[in-house]
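A.B. asks: Take these sequences, add in the hints, and give me the full structure.
For the record, the sequence lines run as chains A and B.
This note's numbering puts the first sequence at residues 1 to 112.
This note's numbering puts the second sequence at residues 113 to 230.
Be aware that one or more of the hints could be misleading.
Derived EDC-like pairs (lysine to aspartate or glutamate); straight-line CA-CA distance at most 20 angstroms [what the hints assert, rightly or not]:
hint: 1; chain 1: B; residue 1: 153; chain 2: A; residue 2: 5
hint: 2; chain 1: B; residue 1: 176; chain 2: B; residue 2: 200
hint: 3; chain 1: A; residue 1: 37; chain 2: A; residue 2: 56
hint: 4; chain 1: A; residue 1: 58; chain 2: B; residue 2: 218
hint: 5; chain 1: B; residue 1: 153; chain 2: B; residue 2: 199
hint: 6; chain 1: A; residue 1: 42; chain 2: B; residue 2: 200
hint: 7; chain 1: A; residue 1: 42; chain 2: B; residue 2: 218
hint: 8; chain 1: B; residue 1: 153; chain 2: A; residue 2: 84
hint: 9; chain 1: A; residue 1: 68; chain 2: A; residue 2: 56
hint: 10; chain 1: B; residue 1: 153; chain 2: A; residue 2: 39
Cβ-to-Cβ under 10 angstroms is the rule here; a few derived chain A residues that face chain B [claimed, not checked]:
hint: 11; residue: 32
hint: 12; residue: 36
hint: 13; residue: 46
hint: 14; residue: 49
hint: 15; residue: 87
hint: 16; residue: 89
hint: 17; residue: 100
hint: 18; residue: 107
It is worth saying that the hints were derived from the structure and are not from the lab.
These figures come from a predicted structure and were not determined experimentally.
Don't be surprised by glycine CBs; every beta carbon is placed ideally from N, CA and C.
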Amino acid sequence: GENVEQHPSTLSVQEGDSAVIKCTYSDSASNYFPWYKQELGKRPQLIIDIRSNVGEKKDQRIAVTLNKTAKHFSLHITETQPEDSAVYFCAASRTAGQKLVFGTGTRLLVSP
Amino acid sequence: GAVVSQHPSRVICKSGTSVKIECRSLDFQATTMFWYRQFPKQSLMLMATSNEGSKATYEQGVEKDKFLINHASLTLSTLTVTSAHPEDSSFYICSARDPLTTAYNEQFFGPGTRLTVL
Numbered sequence: 001g002e003n004v005e006q007h008p009s010t011l012s013v014q015e016g017d018s019a020v021i022k023c024t025y026s027d028s029a030s031n032y033f034p035w036y037k038q039e040l041g042k043r044p045q046l047i048i049d050i051r052s053n054v055g056e057k058k059d060q061r062i063a064v065t066l067n068k069t070a071k072h073f074s075l076h077i078t079e080t081q082p083e084d085s086a087v088y089f090c091a092a093s094r095t096a097g098q099k100l101v102f103g104t105g106t107r108l109l110v111s112p
Numbered sequence: 113g114a115v116v117s118q119h120p121s122r123v124i125c126k127s128g129t130s131v132k133i134e135c136r137s138l139d140f141q142a143t144t145m146f147w148y149r150q151f152p153k154q155s156l157m158l159m160a161t162s163n164e165g166s167k168a169t170y171e172q173g174v175e176k177d178k179f180l181i182n183h184a185s186l187t188l189s190t191l192t193v194t195s196a197h198p199e200d201s202s203f204y205i206c207s208a209r210d211p212l213t214t215a216y217n218e219q220f221f222g223p224g225t226r227l228t229v230l
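C.D. replies: In structure tokens:
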């Protein structure tokens, strides 16, 4: 089955810096890659997602890149703000309706 | 947008009792719902896939007789933790996909249920 690895487990940056979180997956049939932000005790919130027919997607300060050949994808947050502090999870799944397999999570701390 | 609710948000029970958690899709019909468990400072682990009108599909290592799942309607799935023990204490989260409005596989998550077994 699918296995998703995520690095780093913790990431501390200064406000205004960029943050990059990387994930690798094992199932070459996976074609949907979402990123979630989860605050303590809350539900995961989708922040951006990408499909396998696209190499990059951007939404304001957040971007995701996908390399299907290497089976890895990354989350890029620019101009980080303290409110970006949370745990971020990557995930992967196959075609419609299939289960999500989550990465192990990255705790991002943005210091003022 | 699609909204998923869960009830209760928190529950504390004694060891050996059973607890039922409800997951509802409020403004869409979900033929498939997913149940996850999240231990403190860990990732979400899929427990089972709940299919309306049929048996749930459990992930390897998840006891189907302990975690009973019923998906009796297109808007409601329930997870019953039977004979709960302290090691079942966790954050249980459901999700659902709206097949009519999402072109992708986006899943909408419920707010989660914090279960504490004494």
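A.B. asks: Each of the hints needs a verdict: does it hold here or not?
C.D. replies: Against the structure, the hints:
Distance check on the hinted pair: residue 153(B) and residue 5(A) sit about 16 angstroms apart at the alpha-carbon level, within 20 angstroms; holds. Under the criterion of a C-alpha separation no larger than 20 angstroms, the hint pairing residue 176(B) with residue 200(B) is consistent with the structure, at around 14 angstroms. At most 20 angstroms may separate the alpha-carbon atoms for a hinted pair to count; residue 37(A) and residue 56(A) meet this at roughly 19 angstroms. Between the alpha carbons of residue 58(A) and residue 218(B) the distance comes to roughly 17 angstroms, so the proposed pair stays at or under 20 angstroms and holds.
Only pairs whose Cα atoms come within 20 angstroms are accepted, and residue 153(B) paired with residue 199(B) is accepted, the gap being roughly 15 angstroms. Note on residue 42(A) and residue 200(B): the hinted pairing holds, with a Cα-Cα distance of about 19 angstroms set against a maximum of 20 angstroms. Proximity of residue 42(A) to residue 218(B) is assessed by CA-CA distance (about 18 angstroms); at most 20 angstroms being required, the pair is judged to hold. For a cut-off of 20 angstroms, the pair hint linking residue 153(B) to residue 84(A) stands: about 18 angstroms separates their Cα positions.
Annotation: proposed proximity of residue 68(A) to residue 56(A) holds, straight-line Cα distance about 11 angstroms (limit 20 angstroms). Between the alpha carbons of residue 153(B) and residue 39(A) the distance comes to roughly 11 angstroms, so the proposed pair stays at or under 20 angstroms and holds. The interface hint given for residue 32(A) holds, since its Cβ lies 4 angstroms from the closest Cβ of chain B, which is under the 10 angstroms cut-off. Because the beta carbon of residue 36(A) sits about 8 angstroms from the nearest beta carbon in chain B, less than 10 angstroms, this interface hint is met.
Checking residue 46(A) against chain B: minimum C-beta separation of about 6 angstroms stays under 10 angstroms; hint holds. Annotation: residue 49(A) was flagged as interfacial toward chain B, and the flag holds, the nearest CB pair being 6 angstroms apart, inside 10 angstroms. Here the hint on residue 87(A) is kept, as its CB sits about 8 angstroms from the closest CB of chain B, short of 10 angstroms. Satisfaction of the interface hint for residue 89(A) is found here, the shortest Cβ-Cβ separation to chain B being roughly 6 angstroms, below the 10 angstroms cut-off.
The restraint placing residue 100(A) at the interface with chain B holds, with a minimum CB-CB distance near 6 angstroms, inside the 10 angstroms limit. Checking residue 107(A) against chain B by beta carbon gives a least distance of about 8 angstroms; that is within 10 angstroms, so the hint holds.
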